[in-house]
Amino acid sequence: MNTIHPDEYDLDAVREEWIGKLISESHGRYPVEYDPIRRHCHMVGDLNPAFLDPDIAKDGPYGAVIVPPSMLPTYFASGGPWPPQAASGTDTESKAVFSFGVPTPGDRGINMEVAWEFIEPVYVGDQLRLELRIADVFKKPISLDPHAIWIITETAFFNQHDNVVAKWRNTMLIHRSPEQVSRDAATSTGENA
Amino acid sequence: MTDIDYGAERFWEDVSVGDELPGFSRSLDWTEMVLQVSGSQDWNLVHHDSDFAKDSGMPGIFYNTGWTTGMLGRVLTDWAGRSGWVEKLSFQMRGMNSAGAKVRAHARVTAKRMEDSRALVDLDIFLENDQVGVTTPGKATVRLATRTTGSTDG
Numbered sequence: 001m002n003t004i005h006p007d008e009y010d011l012d013a014v015r016e017e018w019i020g021k022l023i024s025e026s027h028g029r030y031p032v033e034y035d036p037i038r039r040h041c042h043m044v045g046d047l048n049p050a051f052l053d054p055d056i057a058k059d060g061p062y063g064a065v066i067v068p069p070s071m072l073p074t075y076f077a078s079g080g081p082w083p084p085q086a087a088s089g090t091d092t093e094s095k096a097v098f099s100f101g102v103p104t105p106g107d108r109g110i111n112m113e114v115a116w117e118f119i120e121p122v123y124v125g126d127q128l129r130l131e132l133r134i135a136d137v138f139k140k141p142i143s144l145d146p147h148a149i150w151i152i153t154e155t156a157f158f159n160q161h162d163n164v165v166a167k168w169r170n171t172m173l174i175h176r177s178p179e180q181v182s183r184d185a186a187t188s189t190g191e192n193a
Numbered sequence: 001m002t003d004i005d006y007g008a009e010r011f012w013e014d015v016s017v018g019d020e021l022p023g024f025s026r027s028l029d030w031t032e033m034v035l036q037v038s039g040s041q042d043w044n045l046v047h048h049d050s051d052f053a054k055d056s057g058m059p060g061i062f063y064n065t066g067w068t069t070g071m072l073g074r075v076l077t078d079w080a081g082r083s084g085w086v087e088k089l090s091f092q093m094r095g096m097n098s099a100g101a102k103v104r105a106h107a108r109v110t111a112k113r114m115e116d117s118r119a120l121v122d123l124d125i126f127l128e129n130d131q132v133g134v135t136t137p138g139k140a141t142v143r144l145a146t147r148t149t150g151s152t153d154g
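Protein sequence lines, in the order shown, are assigned to chains Y and B.
My numbering puts the first residue of the first sequence at 1, with every later residue one more than the last.
My numbering puts the first residue of the second sequence at 1, with every later residue one more than the last.
Please note that the accuracy of each hint is not assured.
[What the hints assert, rightly or not] Derived CB-CB ranges, DEER-like: (1) Y/Pro49 - B/Pro59: 36 to 44 Å; (2) Y/Asp55 - B/Asp3: 20 to 28 Å; (3) B/Ile4 - Y/Asp35: 33 to 41 Å; (4) B/Glu13 - Y/Glu154: 32 to 40 Å; (5) Y/Tyr62 - B/Ile4: 34 to 42 Å; (6) B/Val34 - Y/Ile23: 28 to 36 Å; (7) B/Pro59 - Y/His27: 17 to 25 Å; (8) B/Val132 - Y/Gln127: 35 to 43 Å; (9) B/Pro59 - Y/Pro141: 18 to 26 Å; (10) Y/Glu8 - B/Ile4: 52 to 60 Å.
[What the hints assert, rightly or not] Calculated lysine to any residue pairs in the SDA-like style (CA-CA distance at most 25 Å, straight line): (11) B/Lys88 - Y/Trp150; (12) Y/Lys167 - B/Ser90; (13) Y/Lys140 - B/Val134; (14) Y/Lys167 - B/Val132; (15) Y/Lys167 - B/Asp124; (16) Y/Lys167 - B/Thr110; (17) B/Lys112 - B/Lys139; (18) Y/Lys167 - B/Asp116; (19) B/Lys88 - B/Arg104; (20) B/Lys88 - Y/Pro103; (21) B/Lys139 - Y/Glu117; (22) B/Lys88 - Y/Pro49; (23) Y/Lys139 - B/Gly95; (24) B/Lys88 - Y/Tyr34.
[What the hints assert, rightly or not] Negatives, chain Y to chain B, calculated, CB over 12 Å: (25) Tyr9; (26) Asp10; (27) Glu17; (28) Ile19; (29) Gln180.
Because the hints were derived from the structure by calculation, they are not lab data.
Backbone N, C-alpha and C define an ideal beta-carbon position, used for all residues, glycine too.
Could you build all of it, start to finish, from the sequences and the hints given here?
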């Protein structure tokens, strides 16, 4: 695993380079499709026909099936769920999967806070894209890792008409595994351990 | 099966501050864990691999953001009526919803207001489980139909 020792981590330089940076202008690989919506609804037992039944939805207020607001538009606006990205901690290269590319001492990611704004309905057949920017990077210790890094991102989602359909502000915590914390402590100069 | 009438409207005039949204519960068994990964397509190992989760310092696998958002979103859309629109949803993941827990999703109306002809309802929203209590407090704003217009168009 290629990670940065906390002694060598320059937070000020990371903030200078990354805050405000446009990280992704991803376009959805597929249009919005019925079956991923069905799987999302099945996940939480949602039986709302506005999301599931084209025959009923066509007589509803939107005239067609729409994506539930709770279904992360990233599903349709990014590269798509297949082929899958490497899961956290399984990447043997230096790719920072959950830090959006921002260098961090750790490689384990947990989502901490989410804020959504839903502006327009998203329909089956829509083609979505997103623009994701880094809004903030800071260090805040947690019990697992005194060098945990917090990354706030802001994402706007657009449809094929270039209308913003949703906005997303996300707070991700990137931390080291207990094994890495021990390993780093053993090789620390003492300055940041 | 459900007793929710998805074709009915929820009118802003009929909502009062303090109203409780009924919400629903889910038991987090192995089937639910698989549904979580299938529905969200989130392959982060901490959400389905106990050994990896423990290696990361967690007590075990815990449910992901897509599932959490889906649970909270369903509370709102089950209640909002056919024309209701969720304008905002935010939440903090302060505790974990882990395998074996029974999770309840519910909400409470905290305010009503008209803004630019939009009939809005503000809510506090929660996930809580029988292992640690409230894991995910949040806030939401829902636009409802009015009896005047019969829709959310204001």
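Do the hints match the structure? See the list:
1. Y/Pro49 - B/Pro59: 36 to 44 Å: holds (39 Å)
2. Y/Asp55 - B/Asp3: 20 to 28 Å: holds (21 Å)
3. B/Ile4 - Y/Asp35: 33 to 41 Å: violated (23 Å)
4. B/Glu13 - Y/Glu154: 32 to 40 Å: With a Cβ separation near 36 Å, B/Glu13 and Y/Glu154 satisfy 32 to 40 Å, so the hint holds.
5. Y/Tyr62 - B/Ile4: 34 to 42 Å: Taking Cβ atoms as reference, Y/Tyr62 and B/Ile4 lie about 18 Å apart, which means the hint is violated.
6. B/Val34 - Y/Ile23: 28 to 36 Å: holds (31 Å)
7. B/Pro59 - Y/His27: 17 to 25 Å: Roughly 39 Å apart at Cβ, these two residues miss the hinted range, so it is violated.
8. B/Val132 - Y/Gln127: 35 to 43 Å: holds (41 Å)
9. B/Pro59 - Y/Pro141: 18 to 26 Å: Distance hint for B/Pro59, Y/Pro141 holds at roughly 20 Å.
10. Y/Glu8 - B/Ile4: 52 to 60 Å: Once the Cβ atoms are compared, 56 Å apart, the range 52 to 60 Å for B/Ile4 and Y/Glu8 holds.
11. B/Lys88 - Y/Trp150: Between B/Lys88 and Y/Trp150 the Cα gap is close to 23 Å, so the pair holds against 25 Å.
12. Y/Lys167 - B/Ser90: holds (11 Å)
13. Y/Lys140 - B/Val134: Since the Cα atoms of Y/Lys140 and B/Val134 sit roughly 23 Å apart, the hinted pair holds (cutoff 25 Å).
14. Y/Lys167 - B/Val132: Given that 25 Å is the threshold and the Cα spacing comes to 31 Å, the pair is violated.
15. Y/Lys167 - B/Asp124: At roughly 20 Å apart (the allowed maximum being 25 Å), B/Asp124 and Y/Lys167 satisfy the hint.
16. Y/Lys167 - B/Thr110: With Cα atoms ~23 Å apart, Y/Lys167 and B/Thr110 stay inside 25 Å; holds.
17. B/Lys112 - B/Lys139: holds (14 Å)
18. Y/Lys167 - B/Asp116: At roughly 20 Å apart (the allowed maximum being 25 Å), B/Asp116 and Y/Lys167 satisfy the hint.
19. B/Lys88 - B/Arg104: holds (21 Å)
20. B/Lys88 - Y/Pro103: It is violated: about 31 Å lies between the C-alpha atoms, which goes past 25 Å.
21. B/Lys139 - Y/Glu117: holds (12 Å)
22. B/Lys88 - Y/Pro49: Given that 25 Å is the threshold and the Cα spacing comes to 22 Å, the pair holds.
23. Y/Lys139 - B/Gly95: holds (20 Å)
24. B/Lys88 - Y/Tyr34: holds (24 Å)
25. Tyr9: holds (19 Å)
26. Asp10: holds (25 Å)
27. Glu17: holds (26 Å)
28. Ile19: At roughly 21 Å from the nearest Cβ of chain B, Y/Ile19 sits farther out than 12 Å, so the non-interface label holds.
29. Gln180: Label violated. Min Cβ-Cβ 10 Å, cutoff 12 Å.
Hints 3, 5, 7, 14, 20, 29, counting from the list given before, are not met by this structure.
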